[in-house]
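Peer 1: The primary structure of each chain is shown beneath.
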Amino acid sequence: MLTNYEVYELVSRDRADRVQKKQGDKQLHNLRVIQSQVIRHLEARGTNLESREFIRECFGRLKNEPYLLSSDEVLHIVNVLPKSAAEIHLLVSNCSERLSDEQVEEILELVSLQAPE
Amino acid sequence: MFELVRMRDAVGIAPEFLDAEKGAVQDEINKKYANRVLDGVGLVVGLYNIERISNGIIHPGDGASHVTVEFLLIVFKPHIGEVLCGSITSSDGDGLYVSLGFFDDVQIPPSCLPSPSRFDEEEKCWVWEWNGNDMWLDHGQEIQFRVFSIEYGPRDLLSHRKPPPLAGASESSSAAPSTEVAAPAHVQPPMMITGYINEPGLGLVCWWR
Numbered sequence: 001m002l003t004n005y006e007v008y009e010l011v012s013r014d015r016a017d018r019v020q021k022k023q024g025d026k027q028l029h030n031l032r033v034i035q036s037q038v039i040r041h042l043e044a045r046g047t048n049l050e051s052r053e054f055i056r057e058c059f060g061r062l063k064n065e066p067y068l069l070s071s072d073e074v075l076h077i078v079n080v081l082p083k084s085a086a087e088i089h090l091l092v093s094n095c096s097e098r099l100s101d102e103q104v105e106e107i108l109e110l111v112s113l114q115a116p117e
Numbered sequence: 118m119f120e121l122v123r124m125r126d127a128v129g130i131a132p133e134f135l136d137a138e139k140g141a142v143q144d145e146i147n148k149k150y151a152n153r154v155l156d157g158v159g160l161v162v163g164l165y166n167i168e169r170i171s172n173g174i175i176h177p178g179d180g181a182s183h184v185t186v187e188f189l190l191i192v193f194k195p196h197i198g199e200v201l202c203g204s205i206t207s208s209d210g211d212g213l214y215v216s217l218g219f220f221d222d223v224q225i226p227p228s229c230l231p232s233p234s235r236f237d238e239e240e241k242c243w244v245w246e247w248n249g250n251d252m253w254l255d256h257g258q259e260i261q262f263r264v265f266s267i268e269y270g271p272r273d274l275l276s277h278r279k280p281p282p283l284a285g286a287s288e289s290s291s292a293a294p295s296t297e298v299a300a301p302a303h304v305q306p307p308m309m310i311t312g313y314i315n316e317p318g319l320g321l322v323c324w325w326r
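Protein chains in written order, with this note's numbering: chain A, 1 to 117; chain B, 118 to 326.
Extracted from the complex, chain B is given alone in its bound form:
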């Protein structure tokens, strides 16, 4: 789930902190990186340690000392196939949404649910039909899933617009996509995990323990 990632960056230390340089550098790095997604890498939890600080350079007109720092960050960087655990926050026709507390953007699409499953419109909940029993995937429940894929970066908003329904369209007619936007475009989070639970041992923790 977590890895150490080596980085190099330039940091400015304001004049009032020059006598406690290392602490100031640590704080600057944490301010810049903590709780932020590094594109293609993962979510930064915090600084692990500083490996090297170069000599400071002071630019004319600027009292701050600029140093180049090499450091290690603790990063939430799950692997494909890794088993993680979170709680179900919401559900809709596109699947389940799961949060780990410190990371909220996990989606389990319908194709990754155990089969057969259906979406109950009234309860707004997915249900796995197993041996004639209804296994409800309730909100707030702890769920164990495997990482299927991880996507980074905001994508082109257009790719997330579903064609809005034509006024008066019946079920039998085919809906041609219109160029108008019917609903606000879905904003892609900086890091998005797609998970699956269609394997024994996965799904609600209470199913197996």
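In isolation and in its complexed conformation, chain A is listed as follows:
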């Protein structure tokens, strides 16, 4: 499984390379279409505001004490970028038994991704 951010990085870089090399092969039209559509979808979700450091920090913090989330749960969280407690409950199974309200708030804070000033 790839994080949305990894896909965003890969696809944007490939698209930028092609634009730079002026690769206008008509038969690669399908590739150009899906690349720009995927980029647009991920930018609308805020994926472009993430970074490798952000992904590393999320996995590093959330898999350990006190949260102890699974890799799948962390992956889901960095892809969805929840902004409400209800969404955290969607992404973490048995959430009310495993996380306190404060911990849920801490996770929301971690993934809130303030845009750079």
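Keep in mind that the hints were calculated from the coordinates and are not lab data.
Worth double-checking, as some hints may not be accurate.
Derived SDA-like pairs: lysine to any residue, alpha-carbon spacing no greater than 25 Å straight-line [to be verified]:
(1) LYS21(A) with LYS149(B)
(2) LYS149(B) with LYS83(A)
(3) LYS83(A) with HIS256(B)
(4) LYS21(A) with LYS139(B)
(5) LYS139(B) with MET124(B)
(6) LYS148(B) with ARG15(A)
(7) LYS139(B) with ASN30(A)
(8) LYS148(B) with GLN37(A)
(9) LYS21(A) with ASP136(B)
(10) LYS83(A) with GLU259(B)
(11) LYS63(A) with ILE197(B)
(12) LYS83(A) with GLY218(B)
(13) LYS22(A) with PHE219(B)
(14) LYS21(A) with GLY198(B)
(15) LYS148(B) with HIS29(A)
(16) LYS83(A) with TYR67(A)
(17) LYS241(B) with TYR269(B)
(18) LYS83(A) with GLY198(B)
(19) LYS149(B) with VAL33(A)
(20) LYS21(A) with LYS63(A)
(21) LYS21(A) with ILE167(B)
(22) LYS149(B) with VAL19(A)
(23) LYS26(A) with ALA127(B)
(24) LYS83(A) with GLN258(B)
(25) LYS139(B) with ARG169(B)
(26) LYS139(B) with GLN27(A)
(27) LYS83(A) with VAL244(B)
(28) LYS63(A) with GLU199(B)
(29) LYS26(A) with PHE134(B)
(30) LYS241(B) with GLY270(B)
(31) LYS139(B) with GLY157(B)
(32) LYS139(B) with VAL33(A)
(33) LYS149(B) with GLN20(A)
(34) LYS149(B) with ASN48(A)
(35) LYS83(A) with TRP324(B)
(36) LYS83(A) with PRO231(B)
(37) LYS139(B) with GLU6(A)
(38) LYS148(B) with ASN30(A)
(39) LYS148(B) with ALA131(B)
Given the structure is predicted, the values throughout are model-derived calculations rather than measurements.
Given chain A's structure and the hints, the job is docking chain B onto it.
Peer 2: What follows is chain B alone, placed relative to chain A:
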């Protein structure tokens, strides 16, 4: 949402590209697979990398070199239970239709909407009746849903034909299915996601944020 999928395929490289073989192979793979659904797997976004290229074989009468390639593709391959986000494109009696931009075939049937919901014939829109309030599921709105199931491949067209109404039939009489086709048969897309939103945190993004 996205996964790497390993594939093996035979690719022909035309003689004029033989001195830039790797680039030609990459292009051939992207031409063949990008933006196409791999049956039972998912929608291909593009080539990730090439792992191995065999030695080329040239067939008599054909100047192209044919190689066997092992490669990884980036594929849109959501899991059952995964939460995705898209926008509502249309609605009808069979439910809501949602698009992710790069993938258009998501349906949320009435049974997967929060209960109770009704379809407003005038606005052609679904409405969730919550605590006496009408929560409209308007077109163009961002909606978060969970993947319930994924279906691949065109199905038998006959399974999608609804029995056409008999001429002059009243509500109380039972309609027997006729063998005529009243409307064009619905074409099943190559990959179809069924979603549900009847869980807290799902539905219109603006309901929760």
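Peer 1: Does each hint hold? Answer for all of them.
Peer 2: Now for the hints, and whether the structure bears them out:
| no. | hint | result |
| --- | --- | --- |
| 1 | LYS21(A) with LYS149(B) | holds, 21 Å |
| 2 | LYS149(B) with LYS83(A) | violated, 39 Å |
| 3 | LYS83(A) with HIS256(B) | holds, 22 Å |
| 4 | LYS21(A) with LYS139(B) | holds, 16 Å |
| 5 | LYS139(B) with MET124(B) | holds, 16 Å |
| 6 | LYS148(B) with ARG15(A) | holds, 15 Å |
| 7 | LYS139(B) with ASN30(A) | holds, 20 Å |
| 8 | LYS148(B) with GLN37(A) | holds, 17 Å |
| 9 | LYS21(A) with ASP136(B) | holds, 18 Å |
| 10 | LYS83(A) with GLU259(B) | holds, 14 Å |
| 11 | LYS63(A) with ILE197(B) | holds, 22 Å |
| 12 | LYS83(A) with GLY218(B) | holds, 22 Å |
| 13 | LYS22(A) with PHE219(B) | holds, 23 Å |
| 14 | LYS21(A) with GLY198(B) | violated, 41 Å |
| 15 | LYS148(B) with HIS29(A) | holds, 8 Å |
| 16 | LYS83(A) with TYR67(A) | holds, 18 Å |
| 17 | LYS241(B) with TYR269(B) | violated, 28 Å |
| 18 | LYS83(A) with GLY198(B) | holds, 19 Å |
| 19 | LYS149(B) with VAL33(A) | holds, 14 Å |
| 20 | LYS21(A) with LYS63(A) | violated, 41 Å |
| 21 | LYS21(A) with ILE167(B) | holds, 20 Å |
| 22 | LYS149(B) with VAL19(A) | holds, 20 Å |
| 23 | LYS26(A) with ALA127(B) | holds, 22 Å |
| 24 | LYS83(A) with GLN258(B) | holds, 17 Å |
| 25 | LYS139(B) with ARG169(B) | holds, 10 Å |
| 26 | LYS139(B) with GLN27(A) | holds, 17 Å |
| 27 | LYS83(A) with VAL244(B) | holds, 24 Å |
| 28 | LYS63(A) with GLU199(B) | holds, 19 Å |
| 29 | LYS26(A) with PHE134(B) | holds, 16 Å |
| 30 | LYS241(B) with GLY270(B) | violated, 29 Å |
| 31 | LYS139(B) with GLY157(B) | violated, 28 Å |
| 32 | LYS139(B) with VAL33(A) | holds, 23 Å |
| 33 | LYS149(B) with GLN20(A) | holds, 23 Å |
| 34 | LYS149(B) with ASN48(A) | violated, 28 Å |
| 35 | LYS83(A) with TRP324(B) | holds, 11 Å |
| 36 | LYS83(A) with PRO231(B) | holds, 21 Å |
| 37 | LYS139(B) with GLU6(A) | holds, 23 Å |
| 38 | LYS148(B) with ASN30(A) | holds, 7 Å |
| 39 | LYS148(B) with ALA131(B) | holds, 14 Å |
When held up to the earlier numbered hints, the structure conflicts with 2, 14, 17, 20, 30, 31 and 34 and fits the remainder.
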